[in-house]
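*Asks:* With chain V fixed as given, assemble chains H and S onto it according to the hints.
Chain by chain, the residues run as shown.
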Amino acid sequence: MHRRVVGAVAGLAGTMFLAGCATNAPQDTFQPKGPNAKIIDDLQKPVFAVAGIIGVFVTVVVIIAVFKFRDKGQPIPHQSHGNPALEITLTIIPALILTVVGVFTFRTVFDLAKTSDTEMIINVTGQQWWWEYDYPVQNEYGITQPIITSGQLVIPAGTKVLLRQTSRDVIHSYWIPALNGKRDAVPGRVHLNRIEADKPGIYAGQCTEFCGLSHANMRMEAVALSKADFAKWVANQLKPYTSPAENTLAKEGETVFMNQCVRCHQVNGMKRADGTPVIAAPDENMVSGAAPNLSHLMSRNTFAGATFDLLNKSCREDVWGAESESFGAKYLGGVSEDCLNQSDLRGWLRNAPAMKPMYANPALLTSSGGKYRGMPNLGLTESDIEKLVAYLLTLK
Amino acid sequence: MAIIERSITSTEVFSVATPSTSLGALKRPVASTGWKSWLFTVDHKKLGIMYSAAALFFFIVGGLEAVLIRLQLAAPNGKILNADLYNQMFTMHATTMVFLFVMPMAAGLANYFIPLQIGARDVAFPRINAFSFWAFLFGGIFLNLAWFLGGAADGGWFMYAPNSGPVFSPSHGIDFWALGLQITGIASLAGAVNLITTVLNMRAPGMKLMRMPIFTWMQLVVQFLLLFAVPVITVALFLLSFQRNFGATFFDVSAGADPLLWQHLFWIFGHPEVYILILPSFGVISEVLPVFSRKPLFGYPFVVFSGAAIGFVGWGVWAHHMFASGLGPVSVAVFSVSTMAIAVPTGVKIVNWTMTLWGGKLEFTVAMKFAVGLIVLFTIGGLSGVTHSVAPSDTQQTDTYYIVAHFHYVLFGGAVFGLFSGFYYWWPKVFGKLLNEKLGTWNFWMMVIGMNMTFGPMHILGLQGQPRRMYQWTEARAGEGMFNFGFWNMFASIGSLVLTIGVLLFLINIVITARNGKVAPLDPWDARSLEWMTSNPPKEHNFDSIPTISHLDEFFHRKYEEDANGQMVKVKTAEQVMKELEDNADAHIHMPSPSYWPIFLASGLPVIAFGMIYSIPIAIFGGVIVLFGCYGWSIEPSTAPDDDFDPPATTKDVVHVG
Amino acid sequence: MFSTGSKYFFGISFLGAVSFAIYMFLIAESAIGATALLGLVAATALLTALVISTRDGSKDEDGVAASAAAPTASILPLIGAIGATLLLVGTITSPVVTLFGIVALLAALVEWAVLSWSERASSDVAFNASLRKRLLNPIEFPVIAAVGLGVIIFSFAQITLAVDKSVGAIAFIVLGSLVLAAGVLFSVRPSLKRGLVTGICVFGAVGIVAAGIAGAGVGLREDLVHAKEEGHYMHQECGAEKSKYFDKLPLEGVSATSSVDTHIDLIDGKLVASVQGIAGNQATITIPRANPTNIVFRNKTDGEYRLVASLGSKMVTADVKEDVVQCTQLIPQGSEQMLTLNIPKPAVTGKPFTLTVPGLAGQSIEVIVP
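Taken in sequence, the protein lines are chains V, H and S.
Using numbering that gives the first Met the number 0, the first residue of the first sequence is number 0, and each one after it goes up by one.
Using numbering that gives the first Met the number 0, the first residue of the second sequence is number 0, and each one after it goes up by one.
Using numbering that gives the first Met the number 0, the first residue of the third sequence is number 0, and each one after it goes up by one.
This is chain V alone, in the form it adopts within the complex:
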């Protein structure tokens, strides 16, 4: 009876285990899509295999012992106190296995820490609860002025990118499993993290160091484009700002934006009526001192810490599910009015904290000097929201 139960359990467990690997999880740690992740994968697969074998071996030995030596009325067994030779052998064998694993581990750690072959630098700054990226001037990629974006890290495929990571408030961690292991972003420190994707595509990630209320809602994607597509993307990001045409809904939206949103959000190149450049002041309103820069917002397809999609369902499937060859063109298409996820964007503008918890108790904002953590509920009217959406759609 025991045997059948054990057999059934083992069979079920085995099926489950194998079946468990049968999904296409975007953050699967066993599906490397870049050389760094591949180096890790090449090390971890054998280690898992060895661990699995040892686990099965020990379980089997114990089960055998349980059955073979159960009380069948035999006399009191020989009172063996031990067998030093056996002990030492069974100590040395695992020690040897671990030594081999240790040597490979040692080499891999230093391999992954190499930065001398870096081809591109991007600065990554984490804050509650979104990621900011700024690209310092690098003329070889056409980046003649610094570019700031957030949420989606756009990189050229097949290029060794080095992220210089830090944080503006608490500790966060940058993790795109398909491309590399995670690295913490610690305030006051700069940590280096290599990212490289083999092929164009979109690679999902999440913040993986507990950072407060909306840690669950702090996501990002790495978007790899072919070198040509990346050059197009850079050129688009460097396009100067164009104000919407007079007497359109979008123009009214720009006015609403300048009254409400520029307290925190910067749109590069925006000018007031008298010609003075608009400089946002999140340092006065936010605990972390920054809010996402919304220049060319519609060239990315997620928002609010990559928690919500700018694309509606069908357009999203189209872009995210595209093959490597066609992905670049689809991504560069950005978000058009037909593809805009109206409900999520409007919901956000209507009441951001209701969609993403950002402070537990508004009364406790005094501990941060009245500064906000995340976007507050601005109490916008529906017509304001209508105008803003029209305006944001012009930020291509």
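If you're looking for bench data, these hints aren't it; they were derived computationally from the structure.
Everything numeric in this text was worked out from a predicted model, so none of it was measured.
One thing to keep in mind: the hints can contain errors.
What the hints assert, rightly or not - With a Cα cut of at most 30 Å, we get these calculated BS3-like pairs of lysine-lysine: (1) V/Lys71 to H/Lys569; (2) H/Lys437 to V/Lys71; (3) H/Lys437 to V/Lys67; (4) V/Lys270 to S/Lys344; (5) V/Lys71 to H/Lys432; (6) V/Lys71 to H/Lys517; (7) S/Lys320 to V/Lys270; (8) H/Lys571 to V/Lys71.
What the hints assert, rightly or not - If we take Cβ atoms under 8 Å as the criterion, some of the chain S residues that face chain V in the derived model are: (9) Gly276; (10) Ile277; (11) Ala278; (12) Thr285; (13) Asn290.
Claimed, not checked - Across the chosen pairs, the derived CB separations fall in these ranges: (14) S/Pro351 to V/Asp317: 40 to 46 Å; (15) S/Glu240 to H/Val234: 39 to 45 Å; (16) H/Trp146 to V/Asp70: 46 to 52 Å; (17) S/Ser115 to H/Thr547: 49 to 55 Å.
Beta carbons are placed, not taken as given, at the ideal position from N, Cα and C, and that holds for glycine.
*Replies:* Chains H and S only, in chain V's frame:
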């Protein structure tokens, strides 16, 4: 203050002003029954029972917190707990389970059984023992008061800075957490000093260290670990409390601090802490397996030395919790290798336990089932730990559910199963009744199935990229097909309910046994070690006469001898061995008397903590209680004066027990 | 030990204390009620102590004679008297003196009460002494040690704060050597007469305390007073020459490497930036806005230089604009110092943020804040 105004031992005849009254305002408590006998006891056995009862209560609290977490995560975008409450829930679940369940439960078993196993009548410092218990209880209650006073701590049990600072966590929850843990830390430290002194100084004659029962050995290593680890967390918690309450800038980046300081301090404590959690359970099953295999522990010296080795090497691996924190390749590589090194002594134990089973005569009582379960489940957990030790691999695994799976296998499948094995094994000695074996078998299987259902899928979830410490998971990251996040999360949540039923069966078993359980014989398991050479339950003074030890497994060797063919035959029953002790009973046995100072002093600690959070005068008042308690305690003799007894005792009485 | 009478008075003083606490909690303001209750508590506490120590004044029971030995010499009356006097003197001079008086008086009263109580506990003088020691040593030793150490340390501090820096150093060395000499003397000559040892110790203690009081009377020396008033050490003075106060602060050497975003090196008069993660020397550095970023200035040139960060200007009031400038101290060759920049806004076009070295023309690194 119970000094009497005449010296008991002085033989000089001199006249005294007021002969019979004591200095104290209150009579020293001397009752041996009733609620006062529990409140003021210094008897290690009563304290052990109270420790275990309190720990069991907190196990249920922590378990409810876990079930709520699993209910929230069963489906995507769960609505059972909002983000704030969820963060409090997982913080308190971990804190409760680690500090208020496993540690005190192990302390309870240690308190009850170490003196019995080494042939002593009590621990070295009985009043400090009582103080440790009350301090733990008050600290645990204080910690949980936060639920009702503005929200519990919500920064995770690891409480990383700067998130734990006043700007990012403005409610008082973390203050309650930090100060509550300070109080329980004091309890653990005092207990460690106490038990180390007991084990090193109070063993029965002939009990050399290498003849000591293995449970006591493992507990000795644990006490040394506590002795050095608790001061580190104490310092870290002081730095945190001062930052939160008095404006210090230890972890404030704008003042030039490095947040990684907290991580180092916490994990230098945190890693030895996990060995503190597991070694007592290792000790328990190292007792249980030989008894139910009818042969001695295989390689006793190896098990002892590997335990000590784990204790030592455990100090050199802390940064494996920080592989992704930006330490730099040299540190990461070194700690990776040292973490692999510590797998070796642990593996030695697995070998020894398996070889104890091998060639034995295995009787599968419930205690034995839990012990064998531990071997398998802990091995699984330990192997997933070895996969973490590979640092590059760990950068993919850390902060995902794969880690959650690992530590729940080693903590639940390891520490908790060991403790349950101890319950079923020692219940007859402590309470005189046997726990129901049939119900116990159901308890065991439900817990095994429930545990594997809950934590097995977490390996898969973690490796598929579900991070931990998130109040909800999203379908955008959940993958396609039938076996995606949704399936495994639901599976795990159902498993947690099965696990709950398993634990419930244990509680039912306790109630049923208390009502009409089978009365246990003196030696129901034909056991091997000294704690079984006592009555059921042991008398207050434990042993009528202290036995002289000539073997490891002394009790077994008094019952069995080798005959001409090298076969072990029973020459005496347990009752006969006991009679030998009773016939040689000591004439005068002096036991320490109960005292109200330990609970009085312990009660001052939460008052100080409360005052530090809300108002300094209250803290000063608490400080006065503590100082006054120290003063009164220091002038109280260890035994009550004869007149405090009713009827008054005389010095010629044989047994001055309280 | 608690005679009937003492229980009565203890009860009143306890109730009085509780009432006082409740009173203060509910009616925080009024002084009269508080004074009355506090007076009640003090009076009944005193009576409790008196009654305990005299055992209700009752005749010895059982015809047992208490110790008939004559009381020995005692310093307690003197201390009590001093305490009472200081208490009164303090009301016309300074509350601190009153506090000292209260402390001395209380100490004397407690000691006296316990002493007289213990002298009547039995007819055995040795037993009585040990009983007194048992009760009071746990309080005496810690308190005397703490207070004594505190007084000596406080006196030392007052002396060194009052006199010139160099004089203070000499005084410290001299006093320290005297203490060491006395200690050596006592340990080398254990047979030294008790009176002599006591005399030396008392003389030394009184001397230090008296000097401390004198120092406290004189007050802080000139330059410390100035520094406190004018906040000299709070400002950064960023010129090319050595500043009067800022450059006299201790140099804070830096050994952390992973906290550092960029190293700015002054190599043979040329300013270069080496940014963590980017190979080669840079002429510009890019740092995120509103984020404290650490840069380390390393001087590898002969001579003392400082690094100055010019970070635009800000409006102090409606019309007044002030330049935002941060700098390190002047550091010698081979030394390094950290500068933490926290730049709230990007630069206005045409006026970039720069890092320069005053005294070296043409050396500048641009700080780009996107």
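*Asks:* Let me know if the C-beta of isoleucine 277 of chain S comes in closer than 8 Å to any C-beta of chain V, holds or violated.
*Replies:* 6 Å, holds
*Asks:* Looking only at beta-carbon atoms, does the pair glutamate 240 of chain S, valine 234 of chain H fall within the given range of 39 to 45 Å?
*Replies:* 44 Å, holds
*Asks:* Taking the least C-beta to C-beta distance, is glycine 276 of chain S closer than 8 Å to chain V?
*Replies:* 5 Å, holds
*Asks:* Please verify that hint: alanine 278 of chain S, Cβ, nearest Cβ of chain V, below 8 Å or not.
*Replies:* With a minimum Cβ separation of about 6 Å from chain V (threshold 8 Å), the hint on alanine 278 of chain S holds.
*Asks:* Quickly compare the C-alpha distance for lysine 437 of chain H and lysine 67 of chain V to 30 Å and report which way the hint goes.
*Replies:* The hint holds at about 23 Å.
*Asks:* If you check the beta carbons of serine 115 of chain S and threonine 547 of chain H, does the distance land in 49 to 55 Å?
*Replies:* Hint holds: Cβ distance 54 Å, inside 49 to 55 Å.
*Asks:* Do the alpha carbons of lysine 71 of chain V and lysine 432 of chain H lie within 30 Å of each other, as the hint requires?
*Replies:* Holds - the C-alpha atoms of lysine 432 of chain H and lysine 71 of chain V are around 27 Å apart, at most 30 Å.
*Asks:* If I claimed the Cβ atoms of proline 351 of chain S and aspartate 317 of chain V lie 40 to 46 Å apart, would that claim hold in this structure?
*Replies:* Holds - the Cβ-Cβ distance for proline 351 of chain S and aspartate 317 of chain V, about 43 Å, lies within 40 to 46 Å.
*Asks:* A closest beta-carbon separation below 8 Å is what the hint needs, so does threonine 285 of chain S meet it against chain V?
*Replies:* At about 4 Å, which falls below the 8 Å cut-off, the nearest Cβ of chain V leaves the hint on threonine 285 of chain S intact, so it holds.
*Asks:* Would you mind confirming whether the straight-line C-alpha gap from lysine 71 of chain V to lysine 517 of chain H stays at or under 30 Å?
*Replies:* Holds, because 25 Å separates the two Cα atoms, which is no more than 30 Å.
*Asks:* Taking 30 Å as the top limit, are the C-alpha atoms of lysine 71 of chain V and lysine 569 of chain H close enough?
*Replies:* Status holds; Cα separation ~19 Å.
*Asks:* For the pair supplied as a hint, lysine 320 of chain S and lysine 270 of chain V, is the alpha-carbon distance within the 30 Å limit?
*Replies:* Holds, at about 22 Å.
Consistency note: the structure conflicts with none of the earlier hints.
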